[in-house]
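Using the sequences and the hints, build the whole thing.
Protein chains: 2
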Amino acid sequence: MEEINIVKIGGKVIDNEDERNKFLAKLSGIKKNIILVHGGGKVANQILTSMGIEPVMVGGRRITDAETLKVVTMVYAGLINKTIAARLNSLGRPAVGLSGVDGTLLDAVKRPVKDIDYGFAGDITSEGVNAQLLINLVKDGYTPVIATIAADKNAQLLNINADTVASTLTAGLAKHVKTNLFFCFEKKGVLMDANDDNSVIPLLNTQNYPELSAKGIFSEGMIPKLENAFRTVNQGVQKVIIGNSNDVEKFFEAEYAGTLICK
Amino acid sequence: MEEINIVKIGGKVIDNEDERNKFLAKLSGIKKNIILVHGGGKVANQILTSMGIEPVMVGGRRITDAETLKVVTMVYAGLINKTIAARLNSLGRPAVGLSGVDGTLLDAVKRPVKDIDYGFAGDITSEGVNAQLLINLVKDGYTPVIATIAADKNAQLLNINADTVASTLTAGLAKHVKTNLFFCFEKKGVLMDANDDNSVIPLLNTQNYPELSAKGIFSEGMIPKLENAFRTVNQGVQKVIIGNSNDVEKFFEAEYAGTLICK
Chain U
7 MEEINIVKIG GKVIDNEDER NKFLAKLSGI KKNIILVHGG GKVANQILTS
57 MGIEPVMVGG RRITDAETLK VVTMVYAGLI NKTIAARLNS LGRPAVGLSG
107 VDGTLLDAVK RPVKDIDYGF AGDITSEGVN AQLLINLVKD GYTPVIATIA
157 ADKNAQLLNI NADTVASTLT AGLAKHVKTN LFFCFEKKGV LMDANDDNSV
207 IPLLNTQNYP ELSAKGIFSE GMIPKLENAF RTVNQGVQKV IIGNSNDVEK
257 FFEAEYAGTL ICK
Chain Z
7 MEEINIVKIG GKVIDNEDER NKFLAKLSGI KKNIILVHGG GKVANQILTS
57 MGIEPVMVGG RRITDAETLK VVTMVYAGLI NKTIAARLNS LGRPAVGLSG
107 VDGTLLDAVK RPVKDIDYGF AGDITSEGVN AQLLINLVKD GYTPVIATIA
157 ADKNAQLLNI NADTVASTLT AGLAKHVKTN LFFCFEKKGV LMDANDDNSV
207 IPLLNTQNYP ELSAKGIFSE GMIPKLENAF RTVNQGVQKV IIGNSNDVEK
257 FFEAEYAGTL ICK
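As you go down the protein sequences, you meet chains U and Z in turn. All residue numbers for the first sequence refer to this note's numbering, where the first residue is 7 and numbers rise by one. All residue numbers for the second sequence refer to this note's numbering, where the first residue is 7 and numbers rise by one.
Derived by calculation from the structure, the hints in this document are not laboratory data. Each statement offered as a hint is correct.
It does not matter which identical chain is used: a pair holds within one copy or between any two.
Below, simulated EDC-like cross-link-like pairs (lysine to aspartate or glutamate); rule was C-alpha separation at most 20 Å, straight line:
id: 1; residue 1: Lys48; residue 2: Glu73
id: 2; residue 1: Lys145; residue 2: Glu9
id: 3; residue 1: Lys159; residue 2: Glu23
id: 4; residue 1: Lys159; residue 2: Asp24
id: 5; residue 1: Lys181; residue 2: Glu8
id: 6; residue 1: Lys159; residue 2: Glu133
These numbers were taken from a predicted model, which means no experiment stands behind them.
Rendered as structure tokens:
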């Protein structure tokens with residue numbers, strides 16, 4: 007197998023049906039091996055709110071109590087996962103929707119309580135990735151679509167940060183096959199100035215990142231994404247790009263788009 | 007491959023955590039190839055009701071409007087599917103949760119409106135089963151766990167009757183591999199007298215079925231199960247049993263339990 011490209015989507019690409027279908031149509035046309043990892047967008051929050059549960063986020067991460075866990079499992083692994091898989095299939099790109107639970111794709115442990123109790127949130131490692139199941143599906147011509155729910159050894163379901171799932175899967179796969187990781191979101195890349203969409207930082211590496219980080223230019227939601235990206239770069243992945251979902255085709259080509267993350 | 011056994015569960019085995027875990031522990035111990043098909047139990051109805059939507063059933067089949075479709079997709083393909091897969095994994099039986107959407111396991115069409123408009127309910131055929139995906143997973147040592155949501159060619163999600171999924175999958179697989187089909191439910195088998203749990207009919211075939219059916223002894227919920235069972239028997243499956251989920255181990259042995267359905 008040549009290589010596997012892990013594409014992570016979230017936000018508007020999931021929430022907005024038109025945006026989602028436009029994105030999935032683009033993705034369908036890319037003649038490369040792809041694994042798609044999706045977050046939950048606003049749908050989970052909408053359903054939580056309609057059930058009288060207030061969504062709680064700290065540092066870009068969700069606090070998952072027992073009821074929230076049920077809802078995110080339903081929304082992520084059920085509604086969103088199957089909606090995306092059905093669309094890809096209808097576009098002629100055979101897709102299999104999975105979660106971290108399935109085939110123990112992701113061997114998770116409940117996050118220990120330190121300063122913050124994240125509730126039923128899980129931590130994962132690249133050693134706990136069932137790479138073979140994904141590689142077999144990709145070899146058979148399928149695009150795995152991964153919802154970010156996993157379980158621990160006692161069958162306790164756990165909610166996993168979607169950026170973490172994407173980067174950990176990539177690192178786990180990198181032990182067996184060449185991998186690239188593309189984080190797709192609303193902005194054109196990591197911005198120097200959050201208010202200027204054209205201030206994309208073309209390259210972030212271990213030299214300039216600490217300096218820029220110290221200046222406080224990265225948003226609360228961006229920091230875990232960047233931490234995951236840097237962790238992955240150190241685990242053998244070829245290329246990590248953070249960029250706009252509209253530019254997804256460019257990430258697969260030499261053509262420049264987004265922010266390239268390097269060692 | 008020797009053979010594949012399709013086990014369908016519903017009702018209390020899904021609703022009640024203790025019953026479910028007891029059943030899954032039994033299933034885990036059975037050293038045979040198994041595909042588990044699950045319905046939705048009462049959980050979907052509870053969530054529908056909590057959202058102010060009244061569940062509607064006609065002839066043992068759900069009427070699925072747009073909101074109901076969302077809820078059943080979330081509950082069946084999300085919460086229940088992943089809860090079961092996680093439990094099987096934790097019991098040492100590697101499981102992969104899927105729905106009819108995934109890899110187009112089930113190629114569905116929206117049920118045409120005749121006397122009754124079932125809404126987003128789907129019909130499926132054994133020709134539209136992706137047997138190879140299931141066979142590959144079973145060969146790799148996984149127990150596929152199937153939620154009864156599928157999609158049509160335009161990515162419209164559809165709710166499929168769980169008994170129909172079990173029998174259609176079995177018939178589709180029967181073209182490639184020997185199959186058996188076990189419908190597990192609360193009763194010890196198909197009863198001659200609904201009020202007498204010990205009135206199990208040991209054998210139903212195309213000779214005695216029409217006669218008993220004419221007497222009106224079969225309940226509204228039993229009729230689609232029986233129709234599906236007979237359709238399957240005519241499509242090459244080795245053995246169809248309708249019986250109590252507590253007796254699941256017996257169905258795999260020569261030991262007699264439940265109602266055997268024959269030509």
